[in-house]
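Just so you know, the protein sequences line up as chains A and B, in that order. If you want the numbering used here, it's the position in the first sequence, counting the first as 1, plus 119. If you want the numbering used here, it's the position in the second sequence, counting the first as 1, plus 269.
These aren't lab readings, by the way, just hints derived from the structure by calculation. Idealized CB from N, CA, C, for every residue including glycine. One thing to keep in mind: the hints can contain errors.
What the hints assert, rightly or not - Each computed DSBU-like pair below joins lysine-lysine, with the alpha-carbon atoms no more than 35 angstroms apart:
1) B:340 with A:120
2) B:326 with A:187
3) B:340 with A:228
Claimed, not checked - Residues from chain B that keep clear of chain A, each with C-beta distances beyond 12 angstroms, as calculated:
4) 281
5) 285
6) 288
7) 313
8) 351
9) 352
10) 384
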Amino acid sequence: KQEVTQIPAALSVPEGENLVLNCSFTDSAIYNLQWFRQDPGKGLTSLLLIQSSQREQTSGRLNASLDKSSGRSTLYIAASQPGDSATYLCAVRPPGTYKYIFGTGTRLKVLA
Amino acid sequence: NAGVTQTPKFQVLKTGQSMTLQCAQDMNHNSMYWYRQDPGMGLRLIYYSASEGTTDKGEVPNGYNVSRLNKREFSLRLESAAPSQTSVYFCASSEERQGRNQPQHFGDGTRLSIL
Numbered sequence: 120k121q122e123v124t125q126i127p128a129a130l131s132v133p134e135g136e137n138l139v140l141n142c143s144f145t146d147s148a149i150y151n152l153q154w155f156r157q158d159p160g161k162g163l164t165s166l167l168l169i170q171s172s173q174r175e176q177t178s179g180r181l182n183a184s185l186d187k188s189s190g191r192s193t194l195y196i197a198a199s200q201p202g203d204s205a206t207y208l209c210a211v212r213p214p215g216t217y218k219y220i221f222g223t224g225t226r227l228k229v230l231a
Numbered sequence: 270n271a272g273v274t275q276t277p278k279f280q281v282l283k284t285g286q287s288m289t290l291q292c293a294q295d296m297n298h299n300s301m302y303w304y305r306q307d308p309g310m311g312l313r314l315i316y317y318s319a320s321e322g323t324t325d326k327g328e329v330p331n332g333y334n335v336s337r338l339n340k341r342e343f344s345l346r347l348e349s350a351a352p353s354q355t356s357v358y359f360c361a362s363s364e365e366r367q368g369r370n371q372p373q374h375f376g377d378g379t380r381l382s383i384l
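For reference, chain A alone in the conformation it holds in the complex:
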């Protein structure tokens, strides 16, 4: 059974710092992996989607990497800003399904 873990559960960093959020999954057979952002009281916003054949995806200050063999993905945020404060979730999709399995998220606070 696929399980997704995100550690740490919470993280505080000073503004301007580069940071890495971690996501690990137990089964390397995945169709794709998504990183989401969730602001308090809001729904999820997809940040990056990495297909199983890809190693990384980039959007602005965000870079997500995928290493299926080790069951890991990282989300790199460059030059963090207070506006980056939110909960970040990763989700994996097993092959042959429409289902996503979510981690419990990392709550990020960027201090001004």
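Chain A is already provided as a structure; the job is to place chain B on it using the hints.
This is chain B only, laid out in the frame that chain A set:
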């Protein structure tokens, strides 16, 4: 674009009452999903609909029913609400095509409390 719209945003029910959560998307997506989010447990899939006219169970379907009314709308019904169904419910949609991975788009959620 409105994206994914959920109604109501908040609801309080008594145990045993029934209600329907509504979801509509205006992106012409073929797939739609219902999730619940509970503290410390992440999002769990309740039901999904790969296309109009089809529905399938997710991880936690017990106590729920769904209807894919048309391509735009996917409703979630609680027939006899229980306190364990107190949660935040999210609807999502995506365009699924063979060989193409598309991101999921989420609504802002329905916060449901059952007393």
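Results of checking the hints against the structure:
Our distance criterion of 35 angstroms between C-alpha atoms is met by residue 340 of chain B and residue 120 of chain A, whose separation comes to about 31 angstroms. At most 35 angstroms may separate the alpha-carbon atoms for a hinted pair to count; residue 326 of chain B and residue 187 of chain A meet this at roughly 27 angstroms. Between residue 340 of chain B and residue 228 of chain A the CA atoms are separated by roughly 39 angstroms; this puts the pair beyond 35 angstroms, and the hint is violated. For residue 281 of chain B, the non-interface assignment is confirmed: its Cβ lies about 17 angstroms from the closest Cβ of chain A, beyond the 12 angstroms cut-off.
No beta-carbon of chain A is positioned within 12 angstroms of the beta-carbon of residue 285 of chain B; the least distance is around 28 angstroms. Listed as outside the interface, residue 288 of chain B is consistent with that label: its C-beta sits roughly 20 angstroms from the nearest C-beta of chain A, beyond the 12 angstroms cut-off. With a closest Cβ-Cβ approach of about 8 angstroms to chain A, residue 313 of chain B is found to fall inside the 12 angstroms limit, against its non-interface label. At the 12 angstroms boundary, the C-beta of residue 351 of chain B stays outside the reach of chain A, the nearest C-beta of that chain being 23 angstroms off.
Distance to chain A confirms residue 352 of chain B as a non-interface residue, since its nearest Cβ pair spans about 22 angstroms, more than 12 angstroms. No Cβ of chain A approaches the Cβ of residue 384 of chain B within 12 angstroms, the least distance being about 21 angstroms, so the stated non-interface status holds.
Checked against the numbered hints given earlier, this structure breaks hints 3 and 7; the rest are met.
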